[in-house]
Every structure is written in structure tokens, then in C-alpha cells.
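Asker: Each chain, letter by letter, is given below.
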Amino acid sequence: GAVVSQHPSWVICKSGTSVKIECRSLDFQATTMFWYRQFPKQSLMLMATSNEGSKATYEQGVEKDKFLINHASLTLSTLTVTSAHPEDSSFYICSARPGNTYNSPLHFGNGTRLTVT
Amino acid sequence: RKEVEQDPGPFNVPEGATVAFNCTYSNSASQSFFWYRQDCRKEPKLLMSVYSSGNEDGRFTAQLNRASQYISLLIRDSKLSDSATYLCVVNMGAGDYKLSFGAGTTVTVRA
Numbered sequence: 001g002a003v004v005s006q007h008p009s010w011v012i013c014k015s016g017t018s019v020k021i022e023c024r025s026l027d028f029q030a031t032t033m034f035w036y037r038q039f040p041k042q043s044l045m046l047m048a049t050s051n052e053g054s055k056a057t058y059e060q061g062v063e064k065d066k067f068l069i070n071h072a073s074l075t076l077s078t079l080t081v082t083s084a085h086p087e088d089s090s091f092y093i094c095s096a097r098p099g100n101t102y103n104s105p106l107h108f109g110n111g112t113r114l115t116v117t
Numbered sequence: 001r002k003e004v005e006q007d008p009g010p011f012n013v014p015e016g017a018t019v020a021f022n023c024t025y026s027n028s029a030s031q032s033f034f035w036y037r038q039d040c041r042k043e044p045k046l047l048m049s050v051y052s053s054g055n056e057d058g059r060f061t062a063q064l065n066r067a068s069q070y071i072s073l074l075i076r077d078s079k080l081s082d083s084a085t086y087l088c089v090v091n092m093g094a095g096d097y098k099l100s101f102g103a104g105t106t107v108t109v110r111a
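First to last, the protein sequences are chains A and B. The first sequence lines up with residues 1 to 117 when you count with my numbering. The second sequence lines up with residues 1 to 111 when you count with my numbering.
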């Protein structure tokens, strides 16, 4: 089956520092990847759609200058949380579809649990 | 109104029981429907897609009711390993790549 790998699985950082999260599609190419955030006992919320070779599309309320997304190749997208603060502590998950159609399911990376102290 | 709504549960059932729950969606143009399973502090994993005519995968049966805009999941002969949160996932509109997630229904199967 399709595999999406995400790294790191967890990270603890100090307030004000930046954290980079990588998302890789291991056995397929993904022109589009999706970044989600999940707070405890809440649903996954789409933050942005990462597009290979072009700018990411951010959802309403998500600061593009704070959450920098780069999708430089067909198998790698990165999310950088800049100047992280404790309220950014959350579970960040990336996803991608092997089939580039709306009715093919998403496959998720294992997620990154970010704790900002 | 939320795009996707689920009864959060929890549904506490004994092993071997049948448990079923629904999920409603607000966009009548949605065309893709999925059930995902999420274990505590882990990423969601695809359980099954939901097709118009309903579909079954082993002990799991999914149904779609377009008229009333809901999908359902039924688990037969529950196992302890079925304990998880089940996420209802719907695409946001006709031909839309983006998916909207419900907050999940928690199922706990007890011995």
C-alpha cells in the first residue's frame, strides 16, 4: 500500500525557535500534499495544501508566514513552524493521495507531536 | 453548522456485540466518503471507502444515504482490537480534493 513517511515523530522545542517537519511519499509521486493539525479531542483541521513547484494554498486563519511550506519535489513536502509558541503545540500530520483524483483516499504520515515550552 | 458531524460517543460494547453509528455531512455536492480509524496519539488509517450502494469489508459495513446526507458504519462481532476512534471523512464538494473530518466516534470494546 501507499506509504507516507513523516519526520520527526515528536519534537520538544523552546519558545521562539523554528521547527521543520518533513513529509515524504515513499512509493508514489505526489503533486499535492496536505498538512493537518489536530488538538486533543478535536478533529483534524486542514492547514494548507502543498503544491509541487508552486506556492501552497493556506486555509482561512492559518498564517502563511508562520507556517512555511515547501514542496520542492514530487516526493517531499516540508512544514516549518517559525518562532514557535506554546499555543502551536499540537499534532501535525501530513497526507497525500497515490491517485490524484478527489475520490481516492488519503494516506497519512505517522504525525509529528510538537511541544513548545 | 459543521461540515461533518459525529456522535462522539463513547460507545462501550462487550466483545461480540454489534455497534453502529452515523455521521452527517452538510454539503450535498460531496461525492467521496471514507471511514478512518485513529488510535490514541496515532495518525488516522483508512478503514474503508463508502460507496453509493453500500459496501462491506469483513465485519465492517458502510452505508451512504444521500437523501438524508449521512453515512454509517456498522461493526459486527466486535473485537477488543476494534477499540479506537472512528473518523468520518467527506470531500468538500463536487470534484474537490480537500477532505473534511469529523471529530470522531469513540468505540470501546470490553472483554
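One or more of the hints may lead you astray.
Stated by the list, open to error - 30 Å max Cα-Cα, derived DSBU-like pairs, lysine-lysine:
{"#": "1", "chain 1": "A", "residue 1": "Lys14", "chain 2": "B", "residue 2": "Lys2"}
{"#": "2", "chain 1": "A", "residue 1": "Lys66", "chain 2": "B", "residue 2": "Lys2"}
{"#": "3", "chain 1": "A", "residue 1": "Lys55", "chain 2": "A", "residue 2": "Lys66"}
{"#": "4", "chain 1": "A", "residue 1": "Lys55", "chain 2": "B", "residue 2": "Lys98"}
{"#": "5", "chain 1": "B", "residue 1": "Lys42", "chain 2": "A", "residue 2": "Lys55"}
{"#": "6", "chain 1": "B", "residue 1": "Lys79", "chain 2": "A", "residue 2": "Lys66"}
{"#": "7", "chain 1": "B", "residue 1": "Lys45", "chain 2": "B", "residue 2": "Lys79"}
{"#": "8", "chain 1": "A", "residue 1": "Lys66", "chain 2": "B", "residue 2": "Lys42"}
{"#": "9", "chain 1": "B", "residue 1": "Lys45", "chain 2": "A", "residue 2": "Lys55"}
{"#": "10", "chain 1": "A", "residue 1": "Lys64", "chain 2": "B", "residue 2": "Lys45"}
{"#": "11", "chain 1": "B", "residue 1": "Lys79", "chain 2": "A", "residue 2": "Lys64"}
{"#": "12", "chain 1": "A", "residue 1": "Lys55", "chain 2": "B", "residue 2": "Lys79"}
{"#": "13", "chain 1": "A", "residue 1": "Lys20", "chain 2": "A", "residue 2": "Lys66"}
{"#": "14", "chain 1": "B", "residue 1": "Lys98", "chain 2": "A", "residue 2": "Lys41"}
{"#": "15", "chain 1": "A", "residue 1": "Lys14", "chain 2": "B", "residue 2": "Lys79"}
{"#": "16", "chain 1": "B", "residue 1": "Lys79", "chain 2": "A", "residue 2": "Lys20"}
{"#": "17", "chain 1": "A", "residue 1": "Lys20", "chain 2": "B", "residue 2": "Lys42"}
{"#": "18", "chain 1": "A", "residue 1": "Lys41", "chain 2": "B", "residue 2": "Lys42"}
{"#": "19", "chain 1": "B", "residue 1": "Lys98", "chain 2": "A", "residue 2": "Lys20"}
{"#": "20", "chain 1": "A", "residue 1": "Lys14", "chain 2": "A", "residue 2": "Lys66"}
{"#": "21", "chain 1": "A", "residue 1": "Lys64", "chain 2": "B", "residue 2": "Lys2"}
{"#": "22", "chain 1": "A", "residue 1": "Lys41", "chain 2": "A", "residue 2": "Lys66"}
{"#": "23", "chain 1": "A", "residue 1": "Lys41", "chain 2": "A", "residue 2": "Lys20"}
Unchecked claim - Only part of the chain B face toward chain A is listed, based on derived beta-carbon distances under 7 Å:
{"#": "24", "residue": "Glu43"}
{"#": "25", "residue": "Pro44"}
{"#": "26", "residue": "Tyr51"}
{"#": "27", "residue": "Ser52"}
{"#": "28", "residue": "Gly54"}
{"#": "29", "residue": "Ala103"}
Unchecked claim - The following residues of chain B were derived to be distant from chain A, with all beta-carbon distances above 10 Å:
{"#": "30", "residue": "Ala62"}
{"#": "31", "residue": "Asn91"}
{"#": "32", "residue": "Leu99"}
If you're looking for bench data, these hints aren't it; they were derived computationally from the structure. By construction, the Cβ of each residue, glycine as well, lies at the ideal position given by its N, Cα and C atoms.
Asker: Does each hint fit the structure? Answer for all of them.
Answerer: Hint-by-hint comparison with the structure:
1. Lys14/A / Lys2/B: violated (34 Å)
2. Lys66/A / Lys2/B: holds (26 Å)
3. Lys55/A / Lys66/A: holds (14 Å)
4. Lys55/A / Lys98/B: With Cα atoms ~16 Å apart, Lys55/A and Lys98/B stay inside 30 Å; holds.
5. Lys42/B / Lys55/A: holds (29 Å)
6. Lys79/B / Lys66/A: Violated, because 43 Å separates the two Cα atoms, which is more than 30 Å.
7. Lys45/B / Lys79/B: holds (18 Å)
8. Lys66/A / Lys42/B: holds (25 Å)
9. Lys45/B / Lys55/A: holds (28 Å)
10. Lys64/A / Lys45/B: holds (28 Å)
11. Lys79/B / Lys64/A: Violated - the C-alpha atoms of Lys64/A and Lys79/B are around 44 Å apart, more than 30 Å.
12. Lys55/A / Lys79/B: Given pair Lys55/A, Lys79/B is violated - Cα atoms ~45 Å apart, limit 30 Å.
13. Lys20/A / Lys66/A: Judged against 30 Å, a Cα distance of about 12 Å means the pair holds.
14. Lys98/B / Lys41/A: At roughly 21 Å apart (the allowed maximum being 30 Å), Lys41/A and Lys98/B satisfy the hint.
15. Lys14/A / Lys79/B: violated (42 Å)
16. Lys79/B / Lys20/A: Not satisfied, since the Cα-Cα distance of roughly 39 Å exceeds 30 Å.
17. Lys20/A / Lys42/B: holds (19 Å)
18. Lys41/A / Lys42/B: Roughly 13 Å between the alpha carbons, so the hint for Lys41/A and Lys42/B holds.
19. Lys98/B / Lys20/A: holds (23 Å)
20. Lys14/A / Lys66/A: holds (16 Å)
21. Lys64/A / Lys2/B: Distance of about 24 Å is within 30 Å: holds.
22. Lys41/A / Lys66/A: Holds, because 24 Å separates the two Cα atoms, which is no more than 30 Å.
23. Lys41/A / Lys20/A: Distance ~25 Å between Lys41/A and Lys20/A Cα, so the pair holds.
24. Glu43: This hint holds: Glu43/B lies near chain A, its Cβ roughly 4 Å from the closest one there, short of 7 Å.
25. Pro44: Holds, because the Cβ-Cβ distance from Pro44/B to chain A comes to roughly 5 Å (cut-off 7 Å).
26. Tyr51: violated (10 Å)
27. Ser52: violated (11 Å)
28. Gly54: With a minimum Cβ separation of about 16 Å from chain A (threshold 7 Å), the hint on Gly54/B is violated.
29. Ala103: Since the shortest Cβ distance to chain A is 4 Å, the answer is holds.
30. Ala62: The assertion about Ala62/B holds, with a minimum of 13 Å to chain A.
31. Asn91: violated (5 Å)
32. Leu99: Given a closest Cβ separation of 6 Å, the condition is violated.
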